[in-house]
Amino acid sequence: MAQTWPAVLGCRWPNLLRSGVEYYVLPASTAWRVGERNPETRRRYILAETDPSPSSNAWHFNIVKNDQGLYNFQWCPNCLTGVCPKPLCGDAGIVVENERRLLVLDGPAFPFIFRRV
Numbered sequence: 004m005a006q007t008w009p010a011v012l013g014c015r016w017p018n019l020l021r022s023g024v025e026y027y028v029l030p031a032s033t034a035w036r037v038g039e040r041n042p043e044t045r046r047r048y049i050l051a052e053t054d055p056s057p058s059s060n061a062w063h064f065n066i067v068k069n070d071q072g073l074y075n076f077q078w079c080p081n082c083l084t085g086v087c088p089k090p091l092c093g094d095a096g097i098v099v100e101n102e103r104r105l106l107v108l109d110g111p112a113f114p115f116i117f118r119r120v
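Our numbering numbers the first residue of the sequence shown as 4 and each following residue consecutively.
Treat the hints with care, since some could be wrong.
To be verified - SDA-like, lysine to any residue: derived pairs with alpha carbons at most 20 angstroms apart: (1) Lys68 x Thr33; (2) Lys68 x Ile97; (3) Lys68 x Gly96; (4) Lys68 x Pro42.
Stated by the list, open to error - Computed beta-carbon distance windows for the label pairs: (5) Leu50 x Gln71: 34 to 40 angstroms; (6) Gly38 x Gly72: 26 to 32 angstroms; (7) Arg119 x Leu91: 31 to 37 angstroms; (8) Arg119 x Val67: 39 to 45 angstroms; (9) Glu102 x Gly38: 29 to 35 angstroms.
What the hints contain is simulated information worked out from the structure, not anything from laboratory work. Since we're looking at a predicted model, the values are computed, not measured. From the three backbone atoms N, C-alpha and C, an ideal C-beta is built for every residue, glycine too.
Start from the sequences, fold in the hints, and give me the full structure.
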């Protein structure tokens with residue numbers, strides 16, 4: 004008999020997490036990359052994808068310690084070709100659009116800390 008489980012899970016109807024239900028998590032490798040600038044919002048969204056190809060600077064993020072001892076995800080690409088426009092570097096931050104929290108480069112930075120567990 005084939006295994007069945009709830010499909011996509013979320014925090015909105017109809018895919019709410021429910022108690023008393025067995026959920027299965029399928030491991031998948033996820034890579035972040037910087038998307039194109041949205042002409043409407045003027046933001047560059049950070050996208051999570053499973054296949055980091057083609058190889059480009061859009062996939063390379065750094066973790067940088069700030070003046071307060073907190074950390075930020077930072078994106079600032081190196082030029083891979085001889086003709087390079089000035090890169091639009093940025094720190095990743097969280098914005099809320101249509102009741103959804105999204106990770107973007109063109110918003111306030113979202114600092115975090117590391118905890119030893």
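For each hint, the structure was consulted:
Annotation: proposed proximity of Lys68 to Thr33 is violated, straight-line Cα distance about 24 angstroms (limit 20 angstroms). For a cut-off of 20 angstroms, the pair hint linking Lys68 to Ile97 stands: about 18 angstroms separates their Cα positions. Taking the CA atoms of Lys68 and Gly96, the gap is near 15 angstroms; set against the 20 angstroms cutoff, the hint holds. At roughly 31 angstroms between alpha-carbon atoms, Lys68 and Pro42 are farther apart than 20 angstroms, so this suggested pair is violated.
A hinted range of 34 to 40 angstroms is violated for the C-beta pair Leu50 and Gln71, which are about 28 angstroms apart. Taken as a hint, the range 26 to 32 angstroms holds for the pair Gly38 and Gly72, whose Cβ atoms sit roughly 30 angstroms apart. Distance hint check for Arg119 and Leu91: the Cβ-Cβ separation is about 35 angstroms, which falls inside the suggested range of 31 to 37 angstroms. The hint said 39 to 45 angstroms for the Cβ distance between Arg119 and Val67, and at roughly 20 angstroms that hint is violated.
Between Glu102 and Gly38 the beta carbon distance is about 20 angstroms. The supplied range of 29 to 35 angstroms is therefore violated.
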